[in-house]
Amino acid sequence: MANFRQQTLYETHQQLKQKQISSLELTRAYLERIQQVDSKVKALVSVTAEKALEQARQADNLIAAGKMTPLTGVPVIIKDNMCTRGIKTTCSSKMLGNFIPPYNATVIEKLDAAGMVMMGKANMDEFAMGSSTENSAFFTTCNPWDLNRVPGGSSGGSAAAVAAGEAVYALGSDTGGSIRQPAGFCNVTGLKPTYGRVSRYGLVAFASSLDQIGPMTQDVRDCALVMNGIAGYDERDSTSATQEVPDYTKSLVADIKGLRIGVPKEYFVEGMQPEVKTGIETAIQKLAELGAIVDWNVSLPSTPYALAVYYIIAPSEASANLARYDGVKYGFSYQEGNSMWDNMQKTRQFGFGPEVKRRIMLGTYALSSGYYDAYYLKAQKVRTLIRQEFDQAFTKYDMLVTPTSPGVPFKIGEKANDPVQMYLSDVCTLPINIAGIPAISIPAGFAGGLPIGLQFIGRPFSEETLFRAAFTYQQATNWHMKKPAL
Amino acid sequence: MMKLKREEVLHIAALARVGVTDADVEIMQEQLSNILENFEILKKLDTEGVSPTAQSIALQNVIMKDEIKASLPQEDVLFNAPQREGDFFKVKVVLED
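As they're listed, the protein sequences go chains U and D. The first sequence maps to residues 1 to 486 in the numbering used here. The second sequence maps to residues 1001 to 1097 in the numbering used here.
Simulated from the structure, these hints should not be mistaken for laboratory data. It should be emphasised that the depicted structure is a prediction, and the values quoted were computed from it without experimental measurement. All C-beta atoms, glycine included, are put in the ideal place defined by N, C-alpha and C. A couple of the hints might just be wrong.
As the list claims (entries may be wrong) - Label-pair distances were calculated between CB atoms; the ranges are:
hint: 1; chain 1: D; residue 1: Gln1060; chain 2: U; residue 2: Trp341; range: 35 to 43 Å
hint: 2; chain 1: D; residue 1: Gln1074; chain 2: U; residue 2: Asp342; range: 22 to 30 Å
hint: 3; chain 1: D; residue 1: Ala1014; chain 2: U; residue 2: Lys51; range: 40 to 48 Å
hint: 4; chain 1: D; residue 1: Asn1034; chain 2: U; residue 2: Ala485; range: 38 to 46 Å
hint: 5; chain 1: U; residue 1: Gln392; chain 2: D; residue 2: Phe1079; range: 48 to 56 Å
Here chain U stands alone, though its shape is the one from the complex (with noise of 0.2 Å):
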C-alpha cells in the first residue's frame, strides 16, 4: 500500500476475507498514513502503534481460524472518553491528563472481542462539552478540508480522522450533537443511536440522560456494520436498551419508494447560511425523486426553545457528574493547598478549562436553592413538549429530514470567545438528544468546497430506516465519496 487509497470498513473486510492482505500490513500502512498527515490534522491525543500492531498479529490469528467477523483486524480510532483499560483516557482535560482506566468500557470490550485494532484516541473537546475542539486542553483539531477550520466537535478529532484516513472508522459519543455535527462538518457518516441502544459503561459521564456513543464512518454501510458490533443490552448500564438489537446490515436496501418524510421548517434558522439551506434542499429533492413522500411544510413548534432547554438540562446533569474529580481518588491533584477542602477547589480551580467550570457553574445555579422549579423543572416540562411533538410528527412520518447545522465549518478561532454563538452551531442537533431518538448525518454536498450534512430522523429504535433512506441516498449520489486532499 505505497499510495495510500482509502477504503471502506466493507472493502477492508473483504480484503482481509480474500487474504489480499493481512491485517499486519494494513495496519503498518495506517501507522504511516497517521504519521503523514496527523502532524497537520492533529485528530490523535495518542497514538497507540504497539498495542495496535499486537492486536493486529491477534486479529490475523483469528482470520486464519476462520474466526473472523467484519470488524476484525479493521484499524479504528476511538474518542478520548471511553475508557481503555491500560491506556490513557484523558478527555483532553488537564484533570485526567495522566489517567489509566482499570476496566474497559462495554463497546471496547465488545470491539476487542470481534478483534479490533485500536491505533490511538481522539481529541475532543474536554469532557466532550464544545461544537469544535477548541476547548480541548492539549490542542486543536484542524478540518481535513481546510485546516484553518474547525473539524465540529466534541467528537472532531474522530470525525477528521475518518475524513483523513487515519483509521477505517471511529467512535464518537453525542450528547447535543457532537457524532452529527463533526461528521457534518468533515463529509463523514455519524449516527447517534437512540438513547439506551448502545452501553454508555466506561463512557466518561458528561450529561447521563442525553450521552450516547455512535459510529463516525465513510459510509452508511460501514456504519450499519459498527452498530451490529456495538450494539446491545448491557446490564452495567441501568439505562440499557433490553429491546433485541436487528441485523442492520439487511436495512441496506436501495429503495424508499413510498416513504412519508416531513421536513420541519424551524430547523432552517434565521441565519442559516444561504449555500447550506440550498444544498439541503438539492438533497430533499433528490430523496422525492427517489419516491420518497415529503411534507415540506412540517411545524414543530417547541423546537427554538431546545436549545435553553439543553443548556440547563445538560450542565445540571454535569455538575452532578463531574461531582467525582476531587483529586483524590484519581486524576489531578493540587496538594500545596492549606486543607482539605482548598486542595479540592484548587484542583478543579486548575484541573478543568474555562467551559467545563462555566457549565458546571450553569449547572450548579440551576438546581440550586430558589432557582430550581424557574430553570431545571421547567426545562424537564419543556422537554416533555418536545418528545410529544416529535412523537405526533411520527404518526404522520417515517423520518424527518433537517440539515445538521446551520453553517458550514468555521474558522477556528472565529466563535472561541462567545459561548452563546458556539452553542447556536448545535441548534438542529439537540432536540434529538433531548427526545432520546436516533438520528444520523450524512454528506449532502459542499458550499465553497466545505462540507454539508443532512441530517435524518427517525422514532426510537428505528435505526434501520435511518440506515434504508440513507443507503438510497449514497447510492443515487457520491458526495460520501469524496475525499480531502491534504
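For this one, chain U is given, so just place chain D on it according to the hints.
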C-alpha cells in the same frame, strides 16, 4: 434580567467547589448572565399541567439480581491515586478543631 452579582457568582463557585480569581468572577458574571438571559425564552411557554421528563426512555426501577461478583482488584483501583497510604486514599485532615 439583571446581571449576576459578584456575591452570587462567588456563592455558586463555593457550592461547586471551584476556586476562582477576581478576573474569573468578572468574566463569569458577564458570560453566565448572557447565557441565563437566553433561558428567559422558556417563560413564554405555558407548561401548566405538563409533567417533567427526567429521561427519554420508558425504563423504571431497573433492579439487578443480588449476585456476588468479583470487583476490581484493590491495586488496580488505587493505581491512579494521587496520594495513598497502604490500601487507602490519602487526604489532608477532614475534621479540624
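Now the hints, each set against the structure:
Separated by about 37 Å at the C-beta atoms, Gln1060 of chain D and Trp341 of chain U satisfy the suggested range of 35 to 43 Å. Here the CB-CB span from Gln1074 of chain D to Asp342 of chain U is close to 29 Å, well matched to the stated 22 to 30 Å. Between Ala1014 of chain D and Lys51 of chain U the C-beta distance comes to about 43 Å, which sits within the given range of 40 to 48 Å. Take Asn1034 of chain D and Ala485 of chain U: their Cβ atoms lie about 40 Å apart, and the range 38 to 46 Å holds.
Remark: the range hint 48 to 56 Å for Gln392 of chain U to Phe1079 of chain D is upheld by a beta-carbon distance near 51 Å.
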